[in-house]
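Chains A, B, C and D are the protein sequences, given in the same order.
Quick note on the working numbering: the first sequence kicks off at 1 and runs consecutively.
Quick note on the working numbering: the second sequence kicks off at 1 and runs consecutively.
Quick note on the working numbering: the third sequence kicks off at 1 and runs consecutively.
Quick note on the working numbering: the fourth sequence kicks off at 1 and runs consecutively.
These are calculated hints, taken from the structure and not from any lab test.
No experiment lies behind these values; they were computed from the predicted model shown.
Glycine included, each C-beta is placed from N, C-alpha and C at the ideal position.
Okay, the calculated bits of chain B under chain C, using three or more residues with CB under 8 Å as the criterion: (1) 171 to 180; (2) 234 to 247.
Quick list of simulated restraints, FRET-style, between CB atoms: (3) C:T40 with D:G170: 38 to 46 Å; (4) B:A298 with C:E260: 28 to 36 Å; (5) D:G207 with B:A187: 21 to 29 Å; (6) C:F327 with D:A85: 49 to 57 Å; (7) C:G250 with B:P120: 37 to 45 Å; (8) A:D54 with C:L55: 53 to 61 Å; (9) C:A204 with B:N164: 26 to 34 Å; (10) B:S23 with C:G220: 54 to 62 Å.
Straight line, CA to CA, 27 Å or less: simulated BS3-like cross-link-like pairs of lysine-lysine: (11) A:K336 with B:K3; (12) D:K336 with C:K3; (13) D:K3 with D:K336; (14) C:K336 with D:K336; (15) A:K3 with B:K336.
Spelled out, the chains give:
4 protein chains.
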Amino acid sequence: MIKVGIVGGTGYTGIELMRLLASHPQANLEVITSRSLAGTAVDELFPNLRSLVDLNFSEPSVNAYGDCDLVFFATPNTTAMAQAAELLDNGIRLIDLAADFRIKHVPTWEQWYGATHACPELVEEAVYGLPELNREAIRGARLVANPGCYPTAVILALIPLLKNGMVDPGSIIADCKSGTSGAGRNANVGTSFCEVTESVKAYAVPGHRHLPEIREVLQGLDSDVELVFTPHLMPIIRGIHATVYADARGAADQVQNLYEELYRDEPFVDVMPAGSHPETRSVRGANMCRIAIHYLPAANKYVILSVEDNLVKGAAGQAVQNMNLMFGLDETSGLKAPGMMP
Amino acid sequence: MIKVGIVGGTGYTGIELMRLLASHPQANLEVITSRSLAGTAVDELFPNLRSLVDLNFSEPSVNAYGDCDLVFFATPNTTAMAQAAELLDNGIRLIDLAADFRIKHVPTWEQWYGATHACPELVEEAVYGLPELNREAIRGARLVANPGCYPTAVILALIPLLKNGMVDPGSIIADCKSGTSGAGRNANVGTSFCEVTESVKAYAVPGHRHLPEIREVLQGLDSDVELVFTPHLMPIIRGIHATVYADARGAADQVQNLYEELYRDEPFVDVMPAGSHPETRSVRGANMCRIAIHYLPAANKYVILSVEDNLVKGAAGQAVQNMNLMFGLDETSGLKAPGMMP
Amino acid sequence: MIKVGIVGGTGYTGIELMRLLASHPQANLEVITSRSLAGTAVDELFPNLRSLVDLNFSEPSVNAYGDCDLVFFATPNTTAMAQAAELLDNGIRLIDLAADFRIKHVPTWEQWYGATHACPELVEEAVYGLPELNREAIRGARLVANPGCYPTAVILALIPLLKNGMVDPGSIIADCKSGTSGAGRNANVGTSFCEVTESVKAYAVPGHRHLPEIREVLQGLDSDVELVFTPHLMPIIRGIHATVYADARGAADQVQNLYEELYRDEPFVDVMPAGSHPETRSVRGANMCRIAIHYLPAANKYVILSVEDNLVKGAAGQAVQNMNLMFGLDETSGLKAPGMMP
Amino acid sequence: MIKVGIVGGTGYTGIELMRLLASHPQANLEVITSRSLAGTAVDELFPNLRSLVDLNFSEPSVNAYGDCDLVFFATPNTTAMAQAAELLDNGIRLIDLAADFRIKHVPTWEQWYGATHACPELVEEAVYGLPELNREAIRGARLVANPGCYPTAVILALIPLLKNGMVDPGSIIADCKSGTSGAGRNANVGTSFCEVTESVKAYAVPGHRHLPEIREVLQGLDSDVELVFTPHLMPIIRGIHATVYADARGAADQVQNLYEELYRDEPFVDVMPAGSHPETRSVRGANMCRIAIHYLPAANKYVILSVEDNLVKGAAGQAVQNMNLMFGLDETSGLKAPGMMP
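If we strip away everything but chain A, and leave its shape as in the complex, we get:
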């Protein structure tokens, strides 16, 4: 039984980690911290966990995690980088669900996140926790940077095409639609019910922090990648729908086979039959990225449809998947539940 801790358990990735860990047969949640709510029972804040999580939030400190094999950081950006070194020195492995270790090129990170990085040497050590790209490295990692929600959906949509040189790498457009939980559990007029429901809008068109993350990872597959990334806010709680466009190069007739082959053994990527249109609800609550590939001959473009639950495969579920890999467990342990439909 692995002993795990969560730093910052009052946001949506924190509660989702607890929901998933509550059903995990080989991991036990030992401690969960929150500076603002220390002393409060977890199930007072999150009554869905009544009788399942019998912990109080405790003060964050390195001692708090003394017994843990692993700590998840479900915190705002720049929190994990301040504490990572001390935890690692104490023999505690670490998965950061925020962005502190996602971007290898530190100046780029500092530009987009508006802060000086506290531990560039750990950025170098950190493994980008997308198992479909970095499974072996994750197994041995002390420090995993859990990918962003949008990057997971977009990168998984493009790996087969880029690995096989089948698209113009400068032509990529990722038009992405996200549920509101991606904005976090905050007091904010802009994400209040009456402002979000019954409406759709794009945001951050000139530039979103997930853009440099996606670009860096994709440039690892093809150094010429450039892309447009447009996030949209949807009136749904959970779900990302990435609609990815790219100009085709060469023959397109084997593209369906190619995706099916490449992802055949992936437990959490599901290539739909040709002609499909995946719905985000089919992955609600599930650690799954469901993908369909369309080729449009008149425009000679691919349109890849990629859906995930931003809190699961896009955050907490992928973090548990990474934990499973880091500790030699069955990669699917605790992650087999189907999506909730309806």
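Given the coordinates of chain A, work out where chains B, C and D should sit on it, guided by the hints.
Quick look at chains B, C and D alone, frame taken from chain A:
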């Protein structure tokens, strides 16, 4: 490993049964029937089950269930009563998620359901599958009538008060709010997105089929019970919120203790701390009825708030709970997952 | 052309006033104030008003309203009472959409609102702005207390029964369901999209500020009135559905006629045909309260269904209706647009 | 006062026409037909129109419209083409809100709509009713083809760029998100509440009927236009958000001015300030297309954000705008109401 079948797997209770059974460690889904979709792969209709349910819908017939220990009827009313005797004769036990066996008084059933009952003798044998009332009888039953969604929430709200004679039995009002999945998976203008969302309405105020069911069960606790039952349609997928009013009799100061005591050992009834207001989302996807009790001195009335997921504790989850009891399994087997919040 | 001002135009009643006034043929919005946003263009905050409202928010002060015939207070509670006397002294009439002048019994107000009232003498002068009760008094009023959203729906549901002594006045229960805009335009985790959508909950069961308001008005019709009032939060933007229960006294066969007669000449109360179930969406955006009356013989109770848009007949629309009366305009001026369906 | 009729008044464009016409000072609805509901009161189906529309649905026939100056066809495709000639022969002008007369190239129409066109000669005569392109022709037209909802949003987004040769005409991608009312008022599992809400999906990626319509109109501006058009279904009632991408040609620094200039006098196109992100809710219920233009230097692409209410500027509102033009009225008559926010 129990072998189970589902009759009529294309509705919301059918798909929810599959979702729950997919994670059940001691039951295996062997067959699922649908007259209209025989031959179609289940996961074509319900892609959330891809890789988890590897079955095609098959033609309904008694032979189809030959190997099954238990068959769930997730069918429209009047279907189960036509097939029950033959299945029971073949040694197959049966849980009906529709209404055919819920009401013991057959003329009442016939009046509300507008049909002649096909097997009144089986109505007598059938056990009303509310474990909190009939646990022992369920264990030995061949035929279980799974309660309606509204009745489950309303009855659980009232058991402690009625058992202890603490309310005027003629004063009960159950004002209930239900998610739209309670109306089933049908092609119907009235339940289309644009007609339901951003609106609230009462329906069936003069009389709803769940009224005689609730009344009969409550009259088993106090023969003087009369009640008003007002269902409302809510723009949510899942969830019932019952707000139950009753005139108090005698001292009210021990009511919180009373509820806590009576439900202390119930795995799927959660009495909230005094003063609470349960939210339906706290039980989304979970087999749980969460209850809070308020006493209003000025009006000398109790207000009991009772929430459940109509598809889980109000239908498929309760059916699995009944199956667990019928086959001597741990009552909570396959039913421990927390609600999905957010 | 009446000249009007709005104090506190950044909340939902403020923007709704602007929406309605933009189509009003006899009133012109001259000034709108907001301490926090002084200098900002109104249509920057509310782009639906681009090209229709060409004003900036200005600093609140009595001088700001110098030219106005009427000022609407769309402010938090306790704001209007601090400024009312000065405005009235300057010859400006006033409609308060908050609660400062709604309750005549000042100690009750002070208890529920947790403040000392700044001008009890104006409470006495103020007219409770429910035209269906106080039309004549409103015409001559300098100061109108615009009713609360819940009170409007509940009181209109009960006037005919109470005026005619047809119910037990101690038996009333008002089970009310409200859209989230009733909670205002605030930064608040509890009203954020992910916490509200796909869920239903009761709140303030032990006591809500609209309870004493409803009680006082109803006691004006029958001094023995006592009631239970249970508000619920719904995942809709606009709409209140009041489901009102009361024990019948005497014969019930004329109740439909009674409602139709009493409200025959009311432009903004619509009595539906017998047996109806009004939907909140039928009044979305419209200044209308739509009512249906049911009598249940078995329980000898009335169930009255009453729907309104909480921002229109429950707030800004009723305020415009009051303005029309105060200034001798056609009562329906600017208020004839139908509800938006779908 | 113009006398108008509506054919097929039971769908969402029909009811929206009635909502708009109810507030129109110069048009009077004389007749509304529906084969299936002949004899039923309009306000029984649509209670928001109680007291505002005092008509019964009548049998469709040319005599039914005898007094009308104009008839709107709010019918399924292929209905208007069967009746158009006879109405025109009787001196009645006609606006078709369906697709029968939108595509000039009849073989293309026949291919996409799967029918033989009944009156190709009227296709030639018909004017495509986008006032921003064809205002003068509309004024004199007997027969107007009201544009599709998606085409309106996409074409208005692109006119300035294409007219000025500022984009590669072969590079256009229109990623569009639509509210569910665009699918019509039908009994359909796929558009039921529980299947649509809390989910997002693309549909018709290989080809949607609005693609040839958009292409033909845009090719009128630049004959080399080719485009990808991807519609997505959103869990909102009303609203289209078109996110349009195109490769820039030449200098981009004047693009904001260009849009502002070109649309300066358009009453129903609103160019937002540079850097804006329009929300669909800002045009809910309003006859307005709100547009923002972004230029992304790294990718050298334009991203144009274009929002409308699919039932208003995308259907019934534009039809009324066309009616105003055809009959020499103020183009904005009956169309000045602001969007409903929140």
